[in-house]
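One-letter residues, chain by chain:
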Amino acid sequence: MARIIVVTSGKGGVGKTTTSAAIAMGLAKKGHKTAVIDFDVGLRNLDLIMGCERRVVYDFVNVINGEATLNQALIRDKNCNLLYILPASQTRDKDALSQEGVGKILEELKKDFKYIVCDSPAGIEKGAHLAMYFADDAFVVTNPEVSSVRDSDRMLGILASKSRRAEHNEEPIKEYLLLTRYSPERVKLGEMLSVDDVQDILSLHLLGVIPESKSVLNASNSGTPVILDEKSDAGQAYADIVARYLGENRPHRFIDDKKGFFGKLFRSK
Amino acid sequence: MSLLDYFRISKVGSASVAKERLQILVAHERSSRNQPSYLPQLQKELLEVIRKYINVGQDAISVNFEQDENQETLEVNIVLPDINTKNT
Numbered sequence: 002m003a004r005i006i007v008v009t010s011g012k013g014g015v016g017k018t019t020t021s022a023a024i025a026m027g028l029a030k031k032g033h034k035t036a037v038i039d040f041d042v043g044l045r046n047l048d049l050i051m052g053c054e055r056r057v058v059y060d061f062v063n064v065i066n067g068e069a070t071l072n073q074a075l076i077r078d079k080n081c082n083l084l085y086i087l088p089a090s091q092t093r094d095k096d097a098l099s100q101e102g103v104g105k106i107l108e109e110l111k112k113d114f115k116y117i118v119c120d121s122p123a124g125i126e127k128g129a130h131l132a133m134y135f136a137d138d139a140f141v142v143t144n145p146e147v148s149s150v151r152d153s154d155r156m157l158g159i160l161a162s163k164s165r166r167a168e169h170n171e172e173p174i175k176e177y178l179l180l181t182r183y184s185p186e187r188v189k190l191g192e193m194l195s196v197d198d199v200q201d202i203l204s205l206h207l208l209g210v211i212p213e214s215k216s217v218l219n220a221s222n223s224g225t226p227v228i229l230d231e232k233s234d235a236g237q238a239y240a241d242i243v244a245r246y247l248g249e250n251r252p253h254r255f256i257d258d259k260k261g262f263f264g265k266l267f268r269s270k
Numbered sequence: 042m043s044l045l046d047y048f049r050i051s052k053v054g055s056a057s058v059a060k061e062r063l064q065i066l067v068a069h070e071r072s073s074r075n076q077p078s079y080l081p082q083l084q085k086e087l088l089e090v091i092r093k094y095i096n097v098g099q100d101a102i103s104v105n106f107e108q109d110e111n112q113e114t115l116e117v118n119i120v121l122p123d124i125n126t127k128n129t
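Residue numbers (my numbering), protein chains in the order written: chain A, 2 to 270; chain B, 42 to 129.
Any given hint could turn out to be false.
Using C-beta positions, here's what the derived DEER-type ranges look like [to be verified]:
1) A/Glu-146 x B/His-69: 14 to 22 Å
2) A/Glu-146 x B/Asp-109: 30 to 38 Å
3) A/Ser-162 x B/Leu-83: 33 to 41 Å
4) B/Ser-57 x A/Ala-161: 26 to 34 Å
5) B/Gln-82 x A/Asn-72: 43 to 51 Å
Distance condition first, Cα-Cα at most 25 Å in a straight line; then the derived DSS-like pairs of lysine-lysine [stated by the list, open to error]:
6) A/Lys-163 x A/Lys-189
7) B/Lys-60 x A/Lys-189
8) A/Lys-259 x B/Lys-93
9) B/Lys-93 x A/Lys-12
Worth flagging that the hints you see were computed from the coordinates, not collected in a lab. A virtual CB, placed ideally from N, CA and C, is assigned to each residue, including glycine.
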């Protein structure tokens, strides 16, 4: 049975697209046929992060309007042949998406794919609403920072009341916390909310912590999902998250400050 | 800079302030999230009715909705003006 995952946050710039790209790649690398959809109509960026921006011919809105078939619009990833990208339209506005149209496309994808990852736009408007509406699981991407935590809580309220599952009185969406841009050193100094602090407030199941890492910018610069950088801390953290989501038992890493005295003395930042 | 940081560990950081502020805010926003959407309109109309008879200010009325396992309570609180300052 296919599962629809929404990657959401409310707040912008916390790492939704980075996370969508990484976990979609991770699921596909584990042998599951996966599609990742950009719901940010008018401000698409998933294509850039996945490195397929020059191969976009048709988009999500073209398929909804019947101007292209789903197979014409889906772009096969260059690194993994089980991964497909459905880009958002760059020229239309957010009203180009309709609940009926999105529902039909997701139903069609469910026949062929094991996982469908929906990369939500920021905010709580139409695009964000449609990205989460049909979801089975929600990855709530949060930074250890006040505005992000507040917006995540707001998003949790929306997931619990405005989704298809909520409206049909079905089992609620399974919600998972992904804490990104985490800096164990700053937590230790009392300058940053800790994992426990954020969990106390949001009471969510923690799927994983992504440390603040140079590898994330390196990955987006080159258009390769950071999970493929297997030597990097962020890449490993995302690999752990995918494994945990699939039921493997992996201890949490990157939560504690491992740097010793000299590491602190000479750290560059 | 990082050398100085190392000697300031004992300083109380801003994270605890952030947590406290968030806990209060999130609790408040969650309680208002469960309120029925007609509350503001109800409050406005009640105020109009009361004002037909008594001259009260905008903030003289508060409408609270509370919910527990067994019951839902709608609490309406109206502060009447002081008898001495009454002007009709």
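25 Å Cα cutoff - pair B/Lys-93, A/Lys-12: violated (45 Å)
Distance restraint hint 43 to 51 Å, applied to the beta-carbon atoms of B/Gln-82 and A/Asn-72: Roughly 50 Å apart at Cβ, these two residues keep to the hinted range, so it holds.
25 Å Cα cutoff - pair A/Lys-163, A/Lys-189: Measuring from Cα to Cα gives roughly 38 Å; hence the hint is violated.
Verdict for A/Ser-162, B/Leu-83 (Cβ pair) under range 33 to 41 Å: At 20 Å between Cβs, range violated.
Holds or violated: B/Lys-60 to A/Lys-189, with C-alpha atoms at most 25 Å apart: With a Cα-Cα distance of about 15 Å, the restraint between B/Lys-60 and A/Lys-189 holds, given a limit of 25 Å.
Straight-line alpha-carbon gap A/Lys-259 to B/Lys-93, limit 25 Å: Judged against 25 Å, a Cα distance of about 69 Å means the pair is violated.
Pairwise beta carbon distance, A/Glu-146 to B/His-69, judged against the given window 14 to 22 Å: holds (19 Å)
Cβ separation of B/Ser-57 and A/Ala-161, checked against the hinted range 26 to 34 Å: holds (29 Å)
Cβ separation of A/Glu-146 and B/Asp-109, checked against the hinted range 30 to 38 Å: About 33 Å separates the Cβ atoms of A/Glu-146 and B/Asp-109, which means 30 to 38 Å holds.
In this structure, the earlier hints numbered 3, 6, 8, 9 are contradicted, and the remaining ones agree with it.
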